[in-house]
Amino acid sequence: LTKHTYYFSRQKNTNIRLTLPVVCFVWQIAMIILFGVFIRYDEESDTHWVETKAHDNITSDIENDFYFRYPSFQDVHVMIFVGFGFLMTFLKRYSFGAVGFNFLIASFGLQWALLMQGWFHSLDPQTGKIFIGVESLINADFCVAGCLIAYGAVLGKVSPVQLLVMTLFGVTLFAVEEYIILNLLHARDAGGSMVIHTFGGYYGLTISWVLYRPNLHQSKRMQGSVYHSDIFAMIGTLFLWMFWPSFNSAITDHGDGQHRAVINTYLCLASTVLTTVAISSLSQKTGKLDMVHIQNSTLAGGVALGTAAEFMISPYGALIVGFFCGIISTMGYIFISPFLEKTLKIQDTCGIHNLHAMPGVIGGIVGAITAAAASESVYGKQGLINTFDFTGDFKDRTVLTQGGYQAAGMCVSIVFGVVGGAIVGSILKLPIWGDPADENCFDDEVYWEVSEPATHHLLFIIQPLGGAIVFDLVSRDELQTTFEIFI
Amino acid sequence: LTKHTYYFSRQKNTNIRLTLPVVCFVWQIAMIILFGVFIRYDEESDTHWVETKAHDNITSDIENDFYFRYPSFQDVHVMIFVGFGFLMTFLKRYSFGAVGFNFLIASFGLQWALLMQGWFHSLDPQTGKIFIGVESLINADFCVAGCLIAYGAVLGKVSPVQLLVMTLFGVTLFAVEEYIILNLLHARDAGGSMVIHTFGGYYGLTISWVLYRPNLHQSKRMQGSVYHSDIFAMIGTLFLWMFWPSFNSAITDHGDGQHRAVINTYLCLASTVLTTVAISSLSQKTGKLDMVHIQNSTLAGGVALGTAAEFMISPYGALIVGFFCGIISTMGYIFISPFLEKTLKIQDTCGIHNLHAMPGVIGGIVGAITAAAASESVYGKQGLINTFDFTGDFKDRTVLTQGGYQAAGMCVSIVFGVVGGAIVGSILKLPIWGDPADENCFDDEVYWEVSEPATHHLLFIIQPLGGAIVFDLVSRDELQTTFEIFI
Amino acid sequence: LTKHTYYFSRQKNTNIRLTLPVVCFVWQIAMIILFGVFIRYDEESDTHWVETKAHDNITSDIENDFYFRYPSFQDVHVMIFVGFGFLMTFLKRYSFGAVGFNFLIASFGLQWALLMQGWFHSLDPQTGKIFIGVESLINADFCVAGCLIAYGAVLGKVSPVQLLVMTLFGVTLFAVEEYIILNLLHARDAGGSMVIHTFGGYYGLTISWVLYRPNLHQSKRMQGSVYHSDIFAMIGTLFLWMFWPSFNSAITDHGDGQHRAVINTYLCLASTVLTTVAISSLSQKTGKLDMVHIQNSTLAGGVALGTAAEFMISPYGALIVGFFCGIISTMGYIFISPFLEKTLKIQDTCGIHNLHAMPGVIGGIVGAITAAAASESVYGKQGLINTFDFTGDFKDRTVLTQGGYQAAGMCVSIVFGVVGGAIVGSILKLPIWGDPADENCFDDEVYWEVSEPATHHLLFIIQPLGGAIVFDLVSRDELQTTFEIFI
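As given, the protein sequences belong to chains R, G and A, one line each in that order. In short: position in the first sequence from 1, add 136, done, that's my numbering. In short: position in the second sequence from 1, add 136, done, that's my numbering. In short: position in the third sequence from 1, add 136, done, that's my numbering.
Check each hint, because a few of them may be wrong.
[Stated by the list, open to error] In silico BS3-like links for lysine-lysine, alpha-carbon gap of 25 Å or less:
hint : chain 1 : residue 1 : chain 2 : residue 2
1    : A       : Lys356    : A       : Lys148
2    : R       : Lys356    : R       : Lys481
3    : A       : Lys189    : G       : Lys531
4    : A       : Lys148    : A       : Lys481
5    : R       : Lys148    : A       : Lys481
6    : R       : Lys148    : R       : Lys565
7    : A       : Lys189    : G       : Lys189
8    : G       : Lys189    : R       : Lys517
[Unchecked claim] Per the computed footprint, the stretches of chain A lying under chain G, defined by three or more beta-carbons under 8 Å from a beta-carbon of chain G, are:
hint : stretch
9    : 160-166
10   : 170-176
11   : 243-255
12   : 264-272
13   : 547-558
Hints were generated in silico from the structure; no laboratory data involved. All residues carry an ideal CB built from backbone N, CA and C; glycine is no exception.
Next comes chain R alone, as it looks inside the complex (with noise of 0.2 Å):
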C-alpha cells in the first residue's frame, strides 16, 4: 500500500485545533465589546420610533426604511451565503470548505465591518455611537462579499485561520477605500464596481501571487469538478444571477433609483448570458459549453454594471455593457487565467480576475463614462442632483468633473487592493497559520471529518478462497462490505 499512502502524508502541520477556536473565541468577544461600546438602534430601530414619527410628522409605519429596503437585504444575504458559498462548490471535493468556510468568515466580517464602516461613515460626534438600521446591515454584507471574492483566488490552499486574517484586513481596508472614494472622492457605486468587485478581485489575486505554490500540480487530482459538484454551482449561480438586481439597488435611491437600478441589472444579466455561451460555444472543437463559463461569466454584468446601474445608463446601454462583458470574461477564463498561472504565478482558483477584477474595472470606466455624458435633458434638474447627490459640499460639480472622480475612485480601489494584498499576503506566508501542503490543496480532510468519499476509488486484493478485500483509496477506510468475487 506503500505508493498511495504518498497522498496521505503531511509535510505541514494543518492542526488548526489551538489557532482557530482562539482567533474565534478572542475576535468574537471582542465584538462583544466594541458593539457594547458603540453600536446602538438608530431611531427607524428603536422603541422610540414611536416619538420620532410624531415629531417628524410620519404618518404610516410603511415609511421606515425598513420597508424599502428589506426584500432587497434579505436577496443581498442569499447572494452572501448562498450564492457565493455554493458558487465555488464546483471542486469535487471541497464543498465543505467552500460553503463552510465562506459561511464563517462572512459571519465575523459582518460584524467586524457594522463596526468598521460605523467608524468612518455613521460615527455620531456627540454621542460617540454608531447608530445601526437595515441599511447597515446591507453595507456590512457588501462589505463581506469584498472578501469573499477574495477567497475565490485562495480557495482551497489555505487554511480557516488564513481566512479570517484576511477578512479583517479585508474588512478593514475596505471601510477605508470606501470612505475615499464615497465621501471624499464623492464618487457613485451603488452595486460596489469598483468599492466591491475592483477591491476584492485585486485584493485576492494579490494574495494569492504572494502565496504561489510552485507545486500545486500535486494535488491535480483533486482539481476540477465532478458530475454534481457542477450542479451545486449552479445554485450559486442562479442565486447570484437572480439576485444581482437587488445587488445593485439594495442602497440606491427610495423610487426611481431602485426601480431604475433592477432594471438595469436585469437586462444586462441577460444579455450577458447569450455572449457567454457564444464564445463558450466557440472555445471547443465540437460547440460544446464550458460548465465554469457558464458558471462565471453569466454573472460578469452584474459586476459592471454596480456603478452605472442607478444612472440613466438607458435599457439598450444595460444590454452593450453585458453584450462586452459575457465575451470578455469568458476569453478571460480561456486565455487570461492560463497566462496569469504560468506567467505572472498567480493562481486563481476560482477565476475571480475575469468574473470580478475585470468586470470590476470595465464597470468603474462604464460608470465614469456615463457620468459624464449624464445631462440635464435626460436627467431633468433634480434628477441630476438627486442621482450624483449634488448637494452641500459638491453643489456645485458637474458631471464631467464628477466622470473625473469616478475614474479616481477606481484608481484608488486598485491601489488599496493591490497593496493591500501584498501585506497581508505577506502576513499570511507565515508558517504559523496551518495551511495545507502542496499535495492536500483542494482537499476537505485536512479541516473536515468527512464521512466518505462520493465517489470510490477502489483497492481489490482478491483473496485465494475467492472472497476479496476492497480498500477505498480516497479516505484509506476498509469499505464495510466485502466484495465477494466467485472465479
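Assemble chains G and A onto chain R, guided by the hints.
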C-alpha cells in the same frame, strides 16, 4: 472494446460550434438595436419621477409600483431560473442541459418578450416607444415561462439552437395570444392558467409530436433518475411550490387583489400535496411513493388557480380545486402519459401534459365558472368592477358574458399552442439544428464538456501480472487511479 | 446470495397502501368541509377592501398589511419547506423521506393550523367565522414548524402515517399552549422560542423516548451521511440561517418592531457561527470541523432570540446570546446527545435537543429576564406599552410581573411538549401504522420507489470465460452494464 463504442457512435452531426454562437450573437445584437429604438424607462423608473410625484401629488416614494411588486417579481424570477431549471434536473445525466439551457433560453426570451409584449400591450402611440417598469419585467418572466414549459416536453431530445428557435417563436405566439385573450376578449388571467400554462403545454406537446422519435428506446439507459438527481429536482419543485402564490399575485390589483391571490394559491397547493401523495401511494403494490409524482403533481394546483386566484373563489373553493388537481395530475402520470406515448406518439419527457396542459385547461374552466358565478352580493359593487375591470368599453359587461369570454380565451390558448407548435415543430425538423441521435438523447456529453461521471460503469482489464487497467464506460476515459488486484 | 438478502428481510408490515391514501383523502375532505363552514377572507383580502379603505380613511393600498408582512412570510415559507426539509437530507439514504415527508406533513399541518389557531385566537363571536389574511398564513407556518422540529427526533424511524398523526395532534396541542401562553398569560413570544421551539423540541423528544428502539443499531450502516448529502443539508442550514431574521420579525409590530427584531437576530446568528466553529474544532484531535455541528448549532442563536428579538436587548446583547448558544448547542452534540441515547433512551436523529429544545429554553429565560429588566428610560413610555402590549386588561402590568409570566409561559410549553408527547407517542406505538423494522430504519426504500443507489456496493461474479456479472448490493438489481474482465 467494440461493443461499447456503440454507445458513442454519432449518426447525426451535433456540432453546433457555428450555429450556436451565430444565433446568440446575431440575436443579441438585434435585441440591442431594437431596445435602442423602442425601449425606455417608464415614469416610475426615470429620474423625472421626482417631477411626476410633484405633479401627481404623490406624497411618498413608497407609492412607486416598485414597492408593490418587487418582492413578488423576485419570487417569480427564482421560479423561472431555479424552479424550472432544477425541476428538470431529475434525469441522471442531463442536469447540465436542464439547468443550463433553461438559463440560456430564459435569458434570451425575456428580452424578446419585453419587445413583443411592449409592441402589443404598451406601445405609446405618440412617441412610438415602449416604457418599461417592474410590471414589464414580471410579464416578460411570465412569457418566458410558457417557453420553459414547452422545453419540458422535449427535454434531452433537442439542441440548444432548436431551443432558441422554439423560444423565439414561442414568445412571439405568446404575445399575440395574450393580446387576443387579455385585451380583445378582455378575459382575466393574472396567473396565466390559459395564457401561460395551457398555451405552453400544448405548444410543447405538439412540437414533441412533430419531432417524434420512434427509436428513442435506444437511449433508454439514460432515461430515469439517480438518487441525487431526484433531490436536485426537489429544489426546483419546492421553489416553484413555495413561490407560486407570488406568481399568481404578481400582477393582480394592489391591495386586496394581491392579498387574496396569495391566500387562494397557498391553500390550493397545500391541498394538492395530500391528494398527490394519496394517489401515488395507491399506484404501487406496497403503497410506496413515486418521486415523479411528488416532484410534479404537487404543483398542479398552482397551475389550475392561475385564472381564479384573484377571484372570490373562497378558501374552501381553493382547497377543492387543489384536491382534484392532485388526483388528476397524478393519474395523468400513471395512465395518460403512457397512452400519449404509445398511441398518440407524443414523447413528453417531463410530463408537462399532466403538470401544465391539463391543469391549465382545468384552470380556464374554473376561471370561467367562477367569473360567471360572481355576484355583487359577494364582491360588492365596486369590488366586482375592480376584479373584472368592468370599465371603459367593458363597463356594461355582465358576469355571465365574462364567463363566456373566459371560456373563449381558453380555446384561443389551445389553438395557438397546437397550431403554433405544429408550425414551429416543422421548422425544427429541418436537419440543420444539430439535434442528437436517438441513442444520444438525454446525455449531457453531446453539448457539454463533462468532467467525470457521477457513477462509474467500469471496465476492468486485469493484467497478467496482477494489475488492472480500468476504463470508465460512460466517459471513455481511463481512470487516473489504476486499481491493483492481487490474485 | 443468502447473506445479503438479510438486509432486505422485513419483520414488520410496512405496506401503507391502504392507510396513507385513506388518511390523506379523509383528512383533506374534512379540511374542505371545515374551511367551508369557518374560514373567510379578512377585510384586507376581501374585494370589499375598497369600502374598508374609504371607511377607515386609508389613503393608499400600501397600507394593506400584505405589504408589511408578505416578504417575511415568503422567507418563513422557504424556511418551512426548503429549510427544514433540506436540513434533514443529511442521511445518506433518507433524503427522499426528509424532504418529501416534510412537504407532506407541512402541507397538511398548515391547513389544520389555520382552523385550530382560528378557533382559539380569532373566531369572530358574532359570525362564528375565522377571517384570515397574510398574518394567519405566517402563524400557520409557525405552528407547522413545531411539528417539523418534532419530526427531526424521529426521522427515519416512523412511517408517513405516523407523521401525519403526530402532526394532527401536534398542531392541536400547539394551538392550545399558544392560546394559554400568548392570550391568557399574555407573554410575548414573536419568534416562538417557547411556543414553537421548546414545545416542538420536547414534543419530539418525548415521542422518540416512547418509541425507543433498543435494536436500532441494526440499521447502523444507514446512519451517517455521504459527502453530497452533507452539502444538500447545508442548503437547509443556510436558508434557515439567512431567513431567521424574517422568522423572528414576521409578526412583530409594524415599523421599529420588525426592524429591531431583524437586527437582533442577524447579529445573534453571526455570533453563533464563530463559537460553533470554535467548539467543533476543539472537539477533534487535529482541530477538524464536524459538519453536524456546522449544519445545526449555527442556528441555535436564532432559536434563543425568538422571544427577545423584538425587545431592546441591544446589539451587543444579541451577540452575547449567540455567543453562548453556539457553545452550548455544539457541546450538546458532543456530550449530551450520547448521554440522552445511552442513559435516557432517547434516540434523537437530528439532535433537536441541541438545536431546539435547549436553545428554546434559553430563549424563554432570556425573554423573561430582558422583559423584567425593561425600563421606561430605555423603551420610552409609549415604546414600553407597544412592545409588551400593556393595553386593555394588561394596562397596569409591570415589567417584573411580565417577566414572571414569561417564565410561566416557558413552563407551559415544556409541560405541553412532554405530556402531549407521551400521549401521542403511546398512540403511535400501536402496531397499525406501518413503521419500519429496526434494520430498515433510515432507508428510503421502505416508502419510496428508489431508482438507483448513489454509491454502488457491488458483488462480482467472475465467470469462467472472463466476463463478470455484477450485482448491486444495495438495490439488488443486476446492473445494466456487464463488466468485462479479461484475465
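Comparing the hints with the structure gives:
no., hint, result
1, A:Lys356 to A:Lys148, "18 Å, holds"
2, R:Lys356 to R:Lys481, "16 Å, holds"
3, A:Lys189 to G:Lys531, "23 Å, holds"
4, A:Lys148 to A:Lys481, "22 Å, holds"
5, R:Lys148 to A:Lys481, "43 Å, violated"
6, R:Lys148 to R:Lys565, "13 Å, holds"
7, A:Lys189 to G:Lys189, "22 Å, holds"
8, G:Lys189 to R:Lys517, "15 Å, holds"
9, 160-166, "holds (count 5)"
10, 170-176, "holds (count 4)"
11, 243-255, "holds (count 4)"
12, 264-272, "holds (count 3)"
13, 547-558, "violated (count 0)"
When held up to the earlier numbered hints, the structure conflicts with 5, 13 and fits the remainder.
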